[in-house]
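Q: Sequence:
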Amino acid sequence: MHMRITVSRDALAGALDRVTRAVANQLALPLLGGVQLTVDAASLRVIATDLTLWMDASVPVETLDGAGSAVVPAGPLTELVRRIPTDTLTMETSGQQMAIQYGRGRATIHQYEEDALPAPPEDEAIEMVASDSTRMARWHLPGVGGVSGRFVVPSRAMAEIARALAEADDDAEVSVARSDVALMVRTPHLRCVARLLDDQYPPVQGVTSRSTSVTVRLPLEDLRGAAERLVVVTGRGNSQADLVARVEPGLLILSTTASEVGHAAEELEAETEFADGAEIVTASYNPKFWAEAVQALVGEIAEVRLSAVASHPARLATMERPMYTHWLMPLVPLV
Numbered sequence: 092m093h094m095r096i097t098v099s100r101d102a103l104a105g106a107l108d109r110v111t112r113a114v115a116n117q118l119a120l121p122l123l124g125g126v127q128l129t130v131d132a133a134s135l136r137v138i139a140t141d142l143t144l145w146m147d148a149s150v151p152v153e154t155l156d157g158a159g160s161a162v163v164p165a166g167p168l169t170e171l172v173r174r175i176p177t178d179t180l181t182m183e184t185s186g187q188q189m190a191i192q193y194g195r196g197r198a199t200i201h202q203y204e205e206d207a208l209p210a211p212p213e214d215e216a217i218e219m220v221a222s223d224s225t226r227m228a229r230w231h232l233p234g235v236g237g238v239s240g241r242f243v244v245p246s247r248a249m250a251e252i253a254r255a256l257a258e259a260d261d262d263a264e265v266s267v268a269r270s271d272v273a274l275m276v277r278t279p280h281l282r283c284v285a286r287l288l289d290d291q292y293p294p295v296q297g298v299t300s301r302s303t304s305v306t307v308r309l310p311l312e313d314l315r316g317a318a319e320r321l322v323v324v325t326g327r328g329n330s331q332a333d334l335v336a337r338v339e340p341g342l343l344i345l346s347t348t349a350s351e352v353g354h355a356a357e358e359l360e361a362e363t364e365f366a367d368g369a370e371i372v373t374a375s376y377n378p379k380f381w382a383e384a385v386q387a388l389v390g391e392i393a394e395v396r397l398s399a400v401a402s403h404p405a406r407l408a409t410m411e412r413p414m415y416t417h418w419l420m421p422l423v424p425l426v
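Quick note: the sequence shown uses the numbering used here, first residue 92, plus one each step.
Some hints could be false.
As the list claims (entries may be wrong) - Quick list of the computed label-pair ranges, beta carbon to beta carbon:
hint : residue 1 : residue 2 : range
1    : Ala132    : Glu312    : 35 to 45 Å
2    : Ala250    : Ala133    : 48 to 58 Å
3    : Pro293    : Arg315    : 50 to 60 Å
Hints are computed from structural coordinates only; laboratory data are not their basis.
Note that beta-carbon positions come from the ideal geometry of N, C-alpha and C, so glycine has one too.
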């Protein structure tokens, strides 16, 4: 996304000095070492976070051409802007680089692949996340208050809580409460108390904010049927098989090969929307995990986002229930 803006050096330097106090010192996620620059209307927003603190400052824009967002390393940008001798400077993005023009000087800083930092948590919402390091599911439920903070629940306990909720009537009231050591979920006929784990859950924002190369939309029934048929060929427990997802304009092609069984492929008509000039995107996934992710979706139209970058996960959701999202890491080819 292209944007070109001119701002006051003093105003930008002041904003950077304020917000970079929130930049993470221990970079578990490299992205957190960056500062987000977002142009909207006639202002530039400067944002930084370490996932416990978010800081956001606004800078007036003197001239503007285009709008958008980019994340650049906070240290080099802040130190450069402090030392610029002119009253104004111009910043322009092109591809994965940001050019900074000041008087007769010019500098170029590489951008992060992601164009935004993780957003702060919303008020009055519950977010549940589960992961096994290869796949991750997140359920975001807005408009729910009364429980605050972040806590880790044992997976077995969470499975029993889910079973209790599934057995409750659809219109039954469910209450959730927590202490420092336990979580309690109560339905009209059952109470579940789970001891909380002391461990910190790994940060997930670095996964959810990674860019994708193509968005595919198609009937969920078609996607689910194809996934189930392909898994029949590979066998659910076959760790040697892989599922290849190939996206071409108007088509999602799923194929799988199991050396001891055979090969299967299906072409699914789909709405495709490519980013960054891509025309074909191909990635490989665990067929069992892919089928289970699709099986968990609820709705009519599936939305699948794939990336051509080997370290970026696929994102699966439905148009009707975007609050539930499943991420699946691609298989790394052996070379």
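Q: Alanine 250 and alanine 133, beta-carbon distance inside 48 to 58 Å?
A: Given a distance of about 51 Å, which is inside 48 to 58 Å, the answer is holds.
Q: Starting from the hint 50 to 60 Å, judge whether the C-beta atoms of proline 293 and arginine 315 obey it.
A: violated (29 Å)
Q: Lying within 35 to 45 Å: is that true of the beta-carbon distance alanine 132 to glutamate 312?
A: holds (42 Å)
Hint violations for this structure: number 3 only, all remaining hints satisfied.
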